Amino acid sequence: MAEPMKIRATMQGDKVEVKVLMNHEMETGQRKDAKGATVPAHFIQSVVATCNDKTVLSAQWGTAVSKNPFLSFRFKGGKPGDKVIITWTDNKGDKRTDEAVIAAPAA
Amino acid sequence: MNNRIMDQAGSAYREVDGKRRQVLQLGGGMAVLAAAIAAGLIKPELAFAQDWNKAAFDTHSVADTVKALGGGAPAESKDIQIVAPDIAENGAVVPITITSNIPKTQSIAVLVEKNPNTLAASFDIPEGTDPYVQTRVKMGQTSLITALVKADGKYYFVNKEVKVTLGGCGG
Amino acid sequence: MPGKLMRLVLLAACALAATAVAQAPGNDDEIARNRQALQEDNPAELWEARGEALWSAKRGPKQASLAQCDLGLGPGVVKGAYVQLPRYFSDTGKVQDLESRLVTCMVTLQGMAREEVVKNPFGSPEHQSDMEALATYIAGRSRGMRMNVVLARPEEQEAYRLGEKIFYYRAGPYDFGCVTCHGADNKRIRLQALPDLTQAKGAQSAYTGWPAYRIGAGEVRTMQQRLADCFRQQRFPDVAYASDTVTALTLFLAKNANGGTMNAPGVKL
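Protein chains in written order, with our numbering: chain W, 1 to 107; chain L, 1001 to 1171; chain P, 2001 to 2269.
Simulated from the structure, these hints should not be mistaken for laboratory data.
Some hints here could point you the wrong way.
Subject to a maximum C-alpha distance of 25 Å in a straight line, what follows is the list of computed SDA-like cross-link-like pairs (lysine to any residue) [claimed, not checked]:
1. K19/W - E2040/P
2. K95/W - I2189/P
3. K1104/L - P1126/L
Please read these numbers as outputs of a predicted model, since none were measured by experiment.
Generate the whole structure from the sequences, applying the supplied hints.
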C-alpha cells in the first residue's frame, strides 16, 4: 500500500496553488543493490489532479523525475473548502489517491 | 468490492515490458469497469491512467522527443521561462520551474539533453490551469534543460544550461 | 619514514585541492539559494508525518505508544525536547541523545528487543527506518527554538569533555580527526564549505539543520548518521549505533551550537 502524499492547496488571489510531495522511490532501473543485482525500474508514470470533477492537470513522467517527487501548479476554478484530488499511477500498476481541502488565504 | 474494481480499473491498461497484468486474463475486466463508471462508482478520468507514451520516454534527443510527441521542429521562443539553478550541488534533485507566456499553451515538457532518455516529464495544461509547472528532475551530468511547449498545435522551446557538480561530503 | 612522507604528500594534495577551489566561495550564495528552495517543500515532511504517527501508535510486545516517553521535559513532552538534548537521565543513569533515548523508550515502554531496534537503523529503498521518522518528527517540533544544552551535572560535563577529545583525536589511515576538516575557518571540499565546529557560528549552522533530507541518499538522515558517515569518510572503524561515543560527540557539537535556532528537518547533499 503506497504511502500518503502531502498536498497543500491554498488560494493565491483568484487561483488555487497546489504543492504536492509524493512518496515514491522513482527507481530508474539502472541502480544496483548491495548484492549487485539491478533494481528494476519502479516509477510514477502518470499523475492526474482534479477539482470539482474537472481535471486541472495531468502529467506523464519518466524515470528522470526525482525520488520523492515534488509538483506545483496553479489553476482557476476552485475556492476555499473545495477538494483537490490527486492520483498517481506507477509502472507496476500501483496507485495512490489523496486529497486536500483548499485553504482560505492567510489573513 | 469497491477496492477490487479500482484495482482492476487501474490495472486494466497496464502492459509493462510485454507482461500482461493478470487482471486482463480474468476477462470481463473491461465490462466491470464500464459498469462501475456507469454506476457512478468511478469517475472516467480517474479510472484510466493515461496511456503512457513509451516511445516519447525512450528518445535520446530533443528532436526525437518532439517527433515522438507528434510535433514538427520546435521554434525557439523568448516567451518561455525556465528557472533552474546555474549549479546543482547534486544531480539527483534539480528544481525546475517553467512558465509559458505563449497563448493557448496546451502542454509543457521537461527535457534533459544528456540524460539516458531525454524526456523527463510532460504536463498537459487544461483550460483554466496556468501554463506553469514546478518539479524536480534528475540530471546525470551537466546538461541543457529544454522546456518544450506545445501551444495552439505548434511546438516551442527554450534552453538553459545547468552545471551538475559532485558536492563535498554531504554536510 | 614512509608514514611521515605519506602524510606530507596527503597534506600537500589537500592544500593544492583547497587552493584550487579558492574561487568557489562565490557560488556559496547560489548553493544556499538552491537548498532554500528545496527546503520549502522538503521531502522530509513525508518522514515527519510518518514519525508523528509512529509516536502515538501502539507497537511492540507491550502494545504501547511512546506517549509516556520522557525526552527530558517530562513524559510525552515532544515540543522543545530536541534543543535540550543530549542530557543526563536519572532512570538510566547516563547521558543520552535523542536516538539513544528512543531506544530506551522502545525497549522499556514498548517491550522491543534492543538488538532489533538498533539493527538497520538507517532507511534505504528496501526498508524504512522508524528511528529516522521519529527523530524527524521530534526535531521538527523544536523548529524555531534555540539550542539550549546545559552541562549541569558532572556526567554531562564529562561527556562533553569526552566528545571534545574524540573531536580532536586523529586516527585512521589518513591520520584525520574531525578537527582536520572542521577545526578552522575557510576550509572546503570541492564546492562545499566546511563549517568550523569548534566555534558557535559554525556549530550552529551545521547542527541546526539535522535531521535532514540527504539528496544523494534520497532519505532523511539524523546527526548520528552524519557522524557515522564522517567516520566512514575518515576510514575509521564503524561507530556503534546509539553508543556512548556518538552521544559524547553529539553533546560536544550540540553544546557548541547553543543559541542557534533549530531549522530541522533541513536539506543536505
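A quick look at each hint next to the structure:
For the hint linking K19/W to E2040/P, the alpha-carbon distance of about 10 Å falls within 25 Å, and the restraint holds. Note on K95/W and I2189/P: the hinted pairing is violated, with a Cα-Cα distance of about 42 Å set against a maximum of 25 Å. Annotation: proposed proximity of K1104/L to P1126/L holds, straight-line Cα distance about 10 Å (limit 25 Å).
In the structure shown, a violation is registered for the earlier hint numbered 2 alone.
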